[in-house]
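Spelled out, the chains give:
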Amino acid sequence: MSNNTGKKAHEPLFHIIKRNGLPFWKSWLIRILSVIAALIVCGIVIVFVTGENPLEMYKTMFEGAFGTERRRWGLMQDLAMLLCVSLAVTPAFKMKFWNIGAEGQVLIGGLATAACMILFGEKLSPYILYPLMICSSIIAGAVWAVIPAFFKAKWNTNETLFTLMMNYIAIQILSYFSYIWSNPKGSGKIGIINASSSAGWLPYIGNNKYLFNILIVLALTIFMYIYLKYSKHGYELSVVGESENTARYIGINVKKVIIRTMLLSGAICGIAGLLLVAGANHTVSSNAADGRGFTAIMVSWLAKFNPIYMILTSLLLVFLDKGATEISTTFSLNDSFSEIITGIIIFFIIGSEFFINYKIKFREKEVITKPETQETVKEGNEQ
Amino acid sequence: MIVAFITRAIMQAIPLLYGSTGEIITEKSGHLNLGTAGVMYVGGICGVIGAFMYETHTSSFNSVLAVLVPLLASVLGSAIMGLIYAVLTVTLRANQNVTGLALTTFGVGFGNFFGGSLIKLSGNTEIPSIALSNTSNAFRTTLPFADKLGVIGKLLFSYSFLAYAAIIIAFIATYYFNHTRSGLHLRAVGESPATADADGINVSAYKYGATIIGSVIAGLGGLYYVMDYANGVWSNDGFGDRGWLAIALVIFAIWRPNIGIIGSFVFGGLFIIHNYIPGLSMGAQEIFKMAPYVVTILVLIIVSTRKKRENLPPASLGLSYFREDR
Chain A
1 MSNNTGKKAH EPLFHIIKRN GLPFWKSWLI RILSVIAALI VCGIVIVFVT GENPLEMYKT
61 MFEGAFGTER RRWGLMQDLA MLLCVSLAVT PAFKMKFWNI GAEGQVLIGG LATAACMILF
121 GEKLSPYILY PLMICSSIIA GAVWAVIPAF FKAKWNTNET LFTLMMNYIA IQILSYFSYI
181 WSNPKGSGKI GIINASSSAG WLPYIGNNKY LFNILIVLAL TIFMYIYLKY SKHGYELSVV
241 GESENTARYI GINVKKVIIR TMLLSGAICG IAGLLLVAGA NHTVSSNAAD GRGFTAIMVS
301 WLAKFNPIYM ILTSLLLVFL DKGATEISTT FSLNDSFSEI ITGIIIFFII GSEFFINYKI
361 KFREKEVITK PETQETVKEG NEQ
Chain B
384 MIVAFITRAI MQAIPLLYGS TGEIITEKSG HLNLGTAGVM YVGGICGVIG AFMYETHTSS
444 FNSVLAVLVP LLASVLGSAI MGLIYAVLTV TLRANQNVTG LALTTFGVGF GNFFGGSLIK
504 LSGNTEIPSI ALSNTSNAFR TTLPFADKLG VIGKLLFSYS FLAYAAIIIA FIATYYFNHT
564 RSGLHLRAVG ESPATADADG INVSAYKYGA TIIGSVIAGL GGLYYVMDYA NGVWSNDGFG
624 DRGWLAIALV IFAIWRPNIG IIGSFVFGGL FIIHNYIPGL SMGAQEIFKM APYVVTILVL
684 IIVSTRKKRE NLPPASLGLS YFREDR
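Residue numbers (our numbering), protein chains in the order written: chain A, 1 to 383; chain B, 384 to 709.
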């Protein structure tokens, strides 16, 4: 109506509106395009830094990740561990509980496992030792996660910062025990635990060190998929994530859901610690989690909290990490190169979400005000 | 020894103070930038790159230029980091936590990569390691009368200009929040962007401004660390977790830069206290290093249980604003 008054209201060149539901294939097309755009930018960075042909570099990356049998197993193991931590943080995120303390929860779980192995490894029979390790790692991870959850539920204490601080407390506790149990004495490192007896080591399947871990994580993935999609718990936590008020209105006990979900989240982090310590490294140090607690957040978020997609997104991140490490060894660069590449690709994928959720609507071409259009407008006014 | 402890504590405090002042400004606009750790790395390494370029390309060394070039490089680097964060979270409305963590991954990687590869990339193989002692000395110029005043001179005047700048910036930020109209607008944006928008405040401009200025200030903390604390020697991961500690300090300071000054001194002291308690075993030292984090958690809990309105974080912290959302 304002158009026919002659005074035109200022209309911006474009404005942004929310899309409601983009077709499945379109949203994935946008994501794939963003990854391609990111790879191009990374290519430019690579050329700038090394002066090599970027296609060659991507080939080197591929070699580094999949080149040999050993590398493939290493990739699978890293993929499984990252996926395991990602599975752990996912239910909490779906509830909009920003658990960035997975790092600490994994470490505490790993420390509990290591403690069992060191203290009881050669004294107890394996039939008692393994259950003890499993229980203590799960309990340790869950306790570490439930402390912030309790304060969040009770006083709405900011969980992002609380869980972040819990990471560092876990790291310091671990450093403390590294001195207590150091091997050789005074080195501040725990070293390989039970190297001679291999008590408490998770079993090798057909001579393969990592297969057991991979199978456990696969089972967890399926469990988490079902838990989130088909269980009542999964439904409740997604309602809490959407709107706490709605959840309260339909009779969900929000506090209970928060604490229960974080117990689960921490418990799975504890299992990740168990797998890392007993199944792969056979030792524990403050960088055992290797930043996975933080990377897992990106994995989970990029996969839209879907455990099956998370296999793909963690594959992407692990591939980038392995590949870029290969580049840095080939060209004797610093191995932090992979973090730069990962950062760039994540920026692009995060940015692309905007184009999936929103659409930009440009200002429509101004209508030339002919007499008859004014007539119709007038009619409209009279009505 | 107490004098030595206090001066060391204050030197530890300055990077944290820069980081927390920057982060407070960003958080006041409603954006929780978890990328501060990365921004501080970038601020540091860009300063190093600037200084390295200047030292290797100049024949006559000029102290003023030696300070200005790294300073500008550092400001530029951290401003770009802030801009990346702002574009993603303000314009593209990406999740702030995820973006911040990605920024940290990128920034720490960027710092370590160039720190480790700068010499190789420059093609100059004669230099064994990056030790920018000349630039560092220029940065560490102290007031001339500091030595003459004995203990007081050592306690109050023995620091470099960046240390005083940190405190001045914190005071300016406090004044800005509480006594200027623009500061009021910024707080309004952080508390309720929809209300601010209805009042005709340009929400996006404030968010961009706060994020970029906050990043620049945080980046100076990285620069101070390299040039001053570490004597111009870059060591990978040397900066450590100070960026996260700076975020912790924001809570400790209950979002007030002037409390942040005292808080940073306390944190600086807690950070190094294990070196000054005699007879601690190596293991026990690790337990003492926990102190800043435990204190932060206690503050976080106390603040949340008391629920005094002026002590709470900005109401819309962590939420992106979309005008057409209800």
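Derived by calculation from the structure, the hints in this document are not laboratory data. Check each hint, because a few of them may be wrong.
To be verified - Listed next, the stretches of chain A that the computed footprint assigns to chain B, with coverage defined by at least 3 CB atoms under 8 Å from CB atoms of chain B:
no., stretch
1, 251-259
2, 326-339
3, 342-350
Claimed, not checked - Computed list of lysine to aspartate or glutamate pairs in DMTMM-like fashion (alpha-carbon distance at most 20 Å, straight line):
no., chain 1, residue 1, chain 2, residue 2
4, A, K154, A, E69
5, A, K359, B, E693
6, A, K304, A, E236
7, A, K189, A, D290
8, A, K18, B, D620
9, A, K361, B, E707
10, A, K94, A, E242
11, A, K304, A, D290
12, B, K672, B, E707
13, A, K256, A, E244
14, A, K96, A, D290
15, A, K18, B, D624
The C-beta atom is built at its ideal place from N, Cα and C for all residues, glycine as well.
Hints versus structure:
1. 251-259: violated (count 0)
2. 326-339: Result for this restraint: holds, n = 7.
3. 342-350: With 6 residues in contact (Cβ-Cβ under 8 Å with chain B), the coverage given for the stretch 342-350 of chain A holds.
4. A:K154 <-> A:E69: violated (51 Å)
5. A:K359 <-> B:E693: Violated, because 38 Å separates the two Cα atoms, which is more than 20 Å.
6. A:K304 <-> A:E236: holds (18 Å)
7. A:K189 <-> A:D290: holds (16 Å)
8. A:K18 <-> B:D620: violated (42 Å)
9. A:K361 <-> B:E707: holds (13 Å)
10. A:K94 <-> A:E242: Judged against 20 Å, a Cα distance of about 8 Å means the pair holds.
11. A:K304 <-> A:D290: With a Cα-Cα distance of about 23 Å, the restraint between K304 (chain A) and D290 (chain A) is violated, given a limit of 20 Å.
12. B:K672 <-> B:E707: It is violated: about 47 Å lies between the C-alpha atoms, which goes past 20 Å.
13. A:K256 <-> A:E244: With Cα atoms ~12 Å apart, K256 (chain A) and E244 (chain A) stay inside 20 Å; holds.
14. A:K96 <-> A:D290: Given that 20 Å is the threshold and the Cα spacing comes to 24 Å, the pair is violated.
15. A:K18 <-> B:D624: violated (38 Å)
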